[in-house]
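J.: Heads up: the sequence lines are chains A and B, in that order.
In this text, residue positions in the first sequence follow numbering that gives the first Met the number 0: the first is 0, and each later residue adds one.
In this text, residue positions in the second sequence follow numbering that gives the first Met the number 0: the first is 0, and each later residue adds one.
Everything labelled a hint here was simulated from the structure, so no lab data went into it.
Yeah, the Cβ is synthetic: ideal placement off N, Cα and C, and Gly gets one too.
Treat the hints with care, as some may be off.
[To be verified] Derived DEER-like restraints, expressed as beta-carbon distance ranges:
| no. | chain 1 | residue 1 | chain 2 | residue 2 | range |
| --- | --- | --- | --- | --- | --- |
| 1 | B | R388 | A | T14 | 22 to 30 Å |
| 2 | B | L329 | A | R10 | 49 to 57 Å |
| 3 | B | R399 | A | S129 | 27 to 35 Å |
[Unchecked claim] With a straight-line cut-off of 30 Å between C-alpha atoms, the simulated DSSO-like cross-links for lysine-lysine are:
| no. | chain 1 | residue 1 | chain 2 | residue 2 |
| --- | --- | --- | --- | --- |
| 4 | A | K79 | B | K133 |
| 5 | A | K79 | B | K196 |
| 6 | B | K108 | B | K66 |
| 7 | A | K220 | B | K301 |
| 8 | A | K192 | A | K32 |
| 9 | B | K196 | B | K113 |
| 10 | B | K312 | A | K79 |
| 11 | B | K312 | A | K61 |
| 12 | A | K69 | A | K192 |
| 13 | A | K61 | B | K313 |
| 14 | B | K312 | A | K69 |
| 15 | B | K130 | A | K5 |
| 16 | A | K5 | B | K313 |
| 17 | B | K108 | A | K79 |
| 18 | A | K61 | B | K196 |
| 19 | B | K133 | B | K113 |
| 20 | A | K32 | B | K312 |
| 21 | A | K61 | A | K192 |
| 22 | B | K313 | B | K301 |
| 23 | A | K79 | A | K32 |
| 24 | B | K312 | B | K295 |
| 25 | B | K196 | B | K108 |
| 26 | B | K108 | A | K69 |
| 27 | B | K156 | B | K252 |
| 28 | A | K5 | A | K61 |
| 29 | A | K32 | A | K69 |
| 30 | A | K220 | A | K61 |
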Amino acid sequence: MDEYIKVGDLRKRYTMGTLEVSAVDGVTFSVRKGEFMGIMGSSGSGKSTLLHMLGLLDPPTKGTIAIDDKDVISLSESEKGMFRLSRFGFIFQDYALVPELTAEENVSLVAMARGEGPESYSRRSRQLLSQVGLGDRMAHLPSELSGGEQQRVAIARALINTPEILFADEPCANLDSTNSRAVLDLFQTINQKMNLTVIMVSHENWHMEYFDRVIRLRDGKIHEDFRPEKTEAATSPLRL
Amino acid sequence: MFNDLRVSAFLATRSIQRGGRGRNAMYIIIIALVLTNMIFLPSVIMGAMDVYYEQTIDYISSDVIIKPPEDVRYIDDVETLLATVNRVPGVVRASARYPMAGSIDFEDKNVAMKIDAFDPRDETEVTLFHKHIKDGDFLGSGDRDQIIIGSLVAGEKDDTGEFYASLGGATVGDSVSVRYANGVVREYRIKGIINTKSYQADYMVFVTKDEMDAVTGPGGAQATEVLVKTISNEDAPLVKKRILEFGVGENVKTWEEALPDVVSESIESFAIINMISVFGGLVIAVVLIFIMTTIKTFNNRKQIGILKAIGLKKSIIINSYVMQVIFICLIGAIVGSLLLGAMVLTFTTYPIEFPDGNVTPIVTWAMIVENTALLFISSAIAGFIPAWRVTNEGILEAIRGG
């Protein structure tokens, strides 16, 4: 399918006191299945707002979003929740793990919520954690893991329900360059091996080397939409 | 639905296991103390009421009491009545009381009161006065010039702290002069002093029925009530029914029915005090749980937002908080019950000394279950509201607000 995600004239306006702010202002684009797309732009350009609307976390003021030809804006709150649980994976800037759950339990939680049996989710969580290089850290609590390790747990959690789209909101913002590269390598591998659509927000220009495509926003509008050139580092073979 | 509850239980369990054990222990102790507070005062009141009921049965009315019909002063043909009642199945013995108003003089003291008479052989089977003679002896059949008096009638040499008029420290062997309402004056030697700890019983004096017959003169003493002792564990209303079936036309009442109105009103007052005590305890528990859950959910706003963002249902998140509250209540209730058990054990060994007798708190399973259920329901609501409020926030507001 060529146009897996279709976004039409998407707008988001906030009212701040008497002032009306247009965070996203008439954005139209489409995303192909299996595309690794970066949403870039300076602070306040509307990139996170756009990601939140695409991830059904924030309703748009106006416009359409269709995923796999399904109008997702008109879904009820509980249907949106179900949609996020079964078809999306989310990765947040600050990992957002449940502090009282071990790495394995954090990953299992999402599969458990989807109704999977204990044997199955336990096996798959262990498998995913091993694939992200945390095979020996499964029983550790988030507080016992480094930032990079926590983000890898978050990635495993995002993947456990075999989502179709992975949304990542500045996942490397709290990581050093080594860990950032490890996380981006992982995204790229997931994208390539699992044919997973990845939409990632970033403000780091060097991240572009990993993206198939970049949408650069300025003042809530698409300023650029282009395919960056791939470097050697971004096309190296990976573990997953 | 079941799977949602499973996920909620999983989150709740892990939160309790790994999230602030010290804080949870403190909440458990507070809940335990709240439950103890909710039950202990009512249990002491119940214990005090029980003492009063026991004293009423042991000294005042026995299990069943027979009085003359309304507007009639004396029981007609008491001997036949006693013979009839003593034949009723379930009756141990009946004892008639023959009162007459009078006044007692001892040295410079004078006390006006009712002088009761009974047949000592009957009375020892019906009441427990004979077991509570502090000094001296109980009356014997045929005693004519002797009297037994309650400890409050005897009084103390220094009577400044006494609530009732007394003889100012009369002791066994002392002579008292009794002036009866019919003008007869008799001198009696105090044979025994009764000390039951019941205000009513300790403010009574007794002579034998033979003596009262002599005081009354021709026709003999006249009874105003017959106390009926039933066999152990026999149902008093059932015995009352049988007595009526035996053709007794007098006014027959169980001990409960015979309680004065003031006592029934007191019981109602105690019930109100109990309710206030329980309500106060519940308010403390609800406020505590509400604050506890509010702080916890507020601190976890971001996490709640994330859980919603990744697709967990609101009900899963809310139930996980409610389950934590219920778990804390459950453990608190168990600890509270153990604490209550220990207190009851202590106060059974060392009863609380009330002026009217030694009181042992009475804690029933019904009290524990009822109060625990109230605590659970209130706590679950108090836990639900803050969790519901936070989960109803927008996902992004919750995530950013944390």
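J.: Run every hint past the structure and note whether it holds.
T.: Structure-based check of all given hints:
1. R388(B) to T14(A): 22 to 30 Å: holds, 23 Å
2. L329(B) to R10(A): 49 to 57 Å: Holds, since L329(B) and R10(A) (Cβ atoms, about 51 Å apart) stay within the stated range.
3. R399(B) to S129(A): 27 to 35 Å: Since the Cβ atoms of R399(B) and S129(A) sit about 34 Å apart, the hinted range of 27 to 35 Å holds.
4. K79(A) to K133(B): violated, 84 Å
5. K79(A) to K196(B): violated, 74 Å
6. K108(B) to K66(B): violated, 33 Å
7. K220(A) to K301(B): Measuring from Cα to Cα gives roughly 29 Å; hence the hint holds.
8. K192(A) to K32(A): Satisfied, since the Cα-Cα distance of roughly 13 Å is no more than 30 Å.
9. K196(B) to K113(B): Between K196(B) and K113(B) the Cα gap is close to 19 Å, so the pair holds against 30 Å.
10. K312(B) to K79(A): Answer holds: K312(B) to K79(A) is near 10 Å, not above 30 Å.
11. K312(B) to K61(A): holds, 26 Å
12. K69(A) to K192(A): Cα-Cα ~25 Å, so holds.
13. K61(A) to K313(B): holds, 26 Å
14. K312(B) to K69(A): holds, 22 Å
15. K130(B) to K5(A): violated, 97 Å
16. K5(A) to K313(B): holds, 29 Å
17. K108(B) to K79(A): violated, 93 Å
18. K61(A) to K196(B): violated, 85 Å
19. K133(B) to K113(B): Holds, at about 21 Å.
20. K32(A) to K312(B): holds, 28 Å
21. K61(A) to K192(A): violated, 35 Å
22. K313(B) to K301(B): Distance ~14 Å between K313(B) and K301(B) Cα, so the pair holds.
23. K79(A) to K32(A): holds, 20 Å
24. K312(B) to K295(B): Holds. K312(B) to K295(B) sits at ~19 Å (cutoff 30 Å).
25. K196(B) to K108(B): holds, 23 Å
26. K108(B) to K69(A): Given pair K108(B), K69(A) is violated - Cα atoms ~104 Å apart, limit 30 Å.
27. K156(B) to K252(B): violated, 40 Å
28. K5(A) to K61(A): Satisfied, since the Cα-Cα distance of roughly 14 Å is no more than 30 Å.
29. K32(A) to K69(A): Between K32(A) and K69(A) the Cα gap is close to 14 Å, so the pair holds against 30 Å.
30. K220(A) to K61(A): holds, 14 Å
In summary, the numbered hints that this structure violates are 4, 5, 6, 15, 17, 18, 21, 26, 27.
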